[in-house]
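Colleague: Taken in order, these protein sequences are the chains called L and R.
Each residue of the first sequence is one higher than the last, beginning at 1 in our numbering.
Each residue of the second sequence is one higher than the last, beginning at 532 in our numbering.
Source of the hints: derived by calculation from the structure; they are not laboratory data.
Only a predicted model underlies this, so the values are computations on that prediction, with no experimental measurement involved.
Take these hints with a grain of salt, some might be off.
Unchecked claim - Chain L regions said to be covered by chain R (calculated; three or more residues, Cβ under 8 Å):
1. 392–399
2. 470–482
Claimed, not checked - Below are the EDC-like pairs computed for lysine to aspartate or glutamate, each with C-alpha atoms no more than 16 Å apart in a straight line:
3. L:Lys149 x L:Glu112
4. L:Lys149 x L:Asp84
5. L:Lys499 x R:Glu682
6. L:Lys499 x R:Glu549
7. L:Lys100 x L:Glu112
8. L:Lys91 x L:Asp145
Note that the Cβ used here is the ideal one computed from N, Cα and C, for glycine as well.
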Amino acid sequence: MTEPTAGANGWRRLSPWAVSILFIQGVIRFMRENIPLLLGAGAGATLVERIGIREVSLVTSLLLLIAALLSLLYYRRFRFRLDDDTLVVQKGLMERTELKVSADRVQHIAIEQPFYMRPFGVVRFSLDTPGGITTEVELPGIRRDLAEKLRVTLAGARTAGESPATTEQRTAAAAPESLFRIGPAAITLHGLASNHAYVAAAALAPLIQPLERIAVRHLEGLAELPWLQQLMESPLLALSGSIAVLLVVLVMLSVVVSWLRFFGFHLLRDGGRFIQRSGLLTRREQTLSSAKLQSVEWVETAVGRALGRGYLICRQYGGAPAGADHAGHKFIVPGLDRETGRWLCHVFWPDLAPAETGALQDRAAVEAGPLTTNSGPSFRRVHVHYRRVTALRFGLLGIILAVILTLTSGHTAWLLAGLAAVVLSWPVAHLRWLAVGWKRRGRYLLVRRGLLGRRTTLFPLDHMQAVTLRQSWFQRRHGLATLHFQLASGAASLPFIDKSVALALANEAVYRVERLAIPRQGALPFRQCPQ
Amino acid sequence: MELSNAPVDPNNLPALEEVELSPVSPRFAPYRLFSRLMSLLPLVFLLWLLPAIADLPTGVYPLILGVAAILASASIALAWLEARRRTFALREQDLIYHGGLVIQHTTVLPFARIQHVETASNPLERSFNLVRVTCFTAGGAGGDLVIQGLERETAERVREYLLERIRALNVPTLQDGHD
């Protein structure tokens, strides 16, 4: 197939291969969205039994034909062009939509190549802007060289404020600097430590009912197995065996997902932006502009803490978590040990390094990193009243739930569960209190939270959007307050700190934001504005 | 990337705690009272229907009515008292809003972070000549600040002042270059 070139007024079309890609994507999306519906409660099997396999095949063929025609129509109506540093996209089947995105508004670019695109040499190009919850613009099938050109033009122009041509020349001349490359052991450890297991369990949830039906259907045959008979005689053994098998399966799935997602992970720095490439089946390339970086999160799960492994999440504008969108809002650097994590934080924000260490890029110079308590000034704990209040909340919640469940079900055993919640509330609150902490590092604030794991958010104070000081009646009595920073990438809270400290932090954060804004309009004195 | 990391003297910063806040309109308290009464109407309807839809033992219905009346009265009283405590202040660089009765909160929103400003009022607010001003930020719903209880003229002045300050700061909005 011949690839399209720029037509009149610079308009371009997608690659002709995009028709088949759009078709495959549509079918995959339909299957993904409807598999739980078809499998759940045996709806699919019932449908085939009721209507007949020939009729179902006929309807399926008809649906596939309609999908193919719609893909062709979508392809014909889709066009895009680059006006200097503005990407213009026209698309839509029933309703024509024109999107214009200028380079300075782009915060995240992703180039992906699923395995079914590889034979055609085309990629999926997507980008998002601040404020967009889902992917803003997607070009579902363009040549890789064209995608690279778009990336260089859009990402380069916004980082340096220079012309696209200059950016292209600069990028071609200077090779990106390699920062981190993942190895097989690190991917496996990341899989073991990450919470993919919970995601896998959630994904497998729709299969529970069909599996249960199959198990019941074949129970008579299975009941003759001697080992199963032994298990049936000891319910405790059966339960612990089932849980162990489930855990092993979930952990293995987690490792597999980690390999699929992060195989060949490579992080590079190219001027003012960071590029990551990864993926076994779907090759993914994400670009992060350092100017748009709002906060960095260092995550250590409970298993990760034991293994000494964690991962970094670089967050930009948009507090919503990444969903199924291709560009997403998360820029994850997986499989890191603590030293590499610390060093990368300093790479993302060079002025995070202590002034006395000098060379910012030297890994040895950032030994006293900000992420863990075993180096540099330790995290400041919040007031012990936080532990008391957390225990009270947890205990009360347990009692209320137990009373409601007892009244509705009539089983007094729920009251015992409520009592257990009251007993457990103190150790849980203590673990929570140990996890919550904060510390300052220059213009940066680090906020840590968790229970068994740890999640540390690192952000410059001048990146806050708004700050709220909250005081309950109890906190007012004890001179405490909760400080809530709203960032463009989410929120960070410091609960139960001294009110004077909270006010000082709030005043400084506000000052730092406003000081950055003043040079644009000339220095203004801080004084009360007349009402 | 900004590499500014100059030391800051915490003793010379403009202090949030020293700002004198102005109360919102005195009409806001009666508005909150009516608003709370209207929000309780579905509950009143449900209580009225309760004897017809549920077979309650003798004496339970008056007990439920009594508890509901106490809770509703407390809710209305708290709404009234809370409305009277709402205050706000405009400084040259930011907006401060204070509210809450049991849990008190003070929010500071620098003008440099405001993307756009919106004024809105529902029929009940209009009957009290009240308007609410919403300041939208790039922080999503959690970062937006809604100032309730301003009289129409005050709200217009606040809106104009905010827009003037945003223009002076030359804050790039989300709409720039993207439509």
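Colleague: Each of the hints needs a verdict: does it hold here or not?
Modeller: Here is what the structure says about each hint:
Counting residues of the segment 392–399 of chain L whose beta-carbon sits less than 8 Å from any beta-carbon of chain R gives 0, not enough to reach three: the coverage restraint is violated. Using a Cβ-Cβ cut-off of 8 Å, 5 residues of the segment 470–482 of chain L lie near chain R, which meets the minimum of three, so the contact claim holds. Between the alpha carbons of L:Lys149 and L:Glu112 the distance comes to roughly 15 Å, so the proposed pair stays at or under 16 Å and holds. The hinted pair formed by L:Lys149 and L:Asp84 meets the criterion: a straight-line CA distance of about 12 Å does not exceed 16 Å.
A threshold of 16 Å between alpha carbons decides the hint, and for L:Lys499 with R:Glu682 the separation of about 32 Å lies outside it, so the pair is violated. A C-alpha spacing of about 14 Å is found between L:Lys499 and R:Glu549, which places the hinted pair at or below 16 Å, so the restraint holds. A threshold of 16 Å between alpha carbons decides the hint, and for L:Lys100 with L:Glu112 the separation of about 22 Å lies outside it, so the pair is violated. Distance hint between L:Lys91 and L:Asp145 is unfulfilled; the C-alpha atoms sit about 22 Å from each other, more than 16 Å.
Consistency note: the structure conflicts with the earlier hints numbered 1, 5, 7 and 8.
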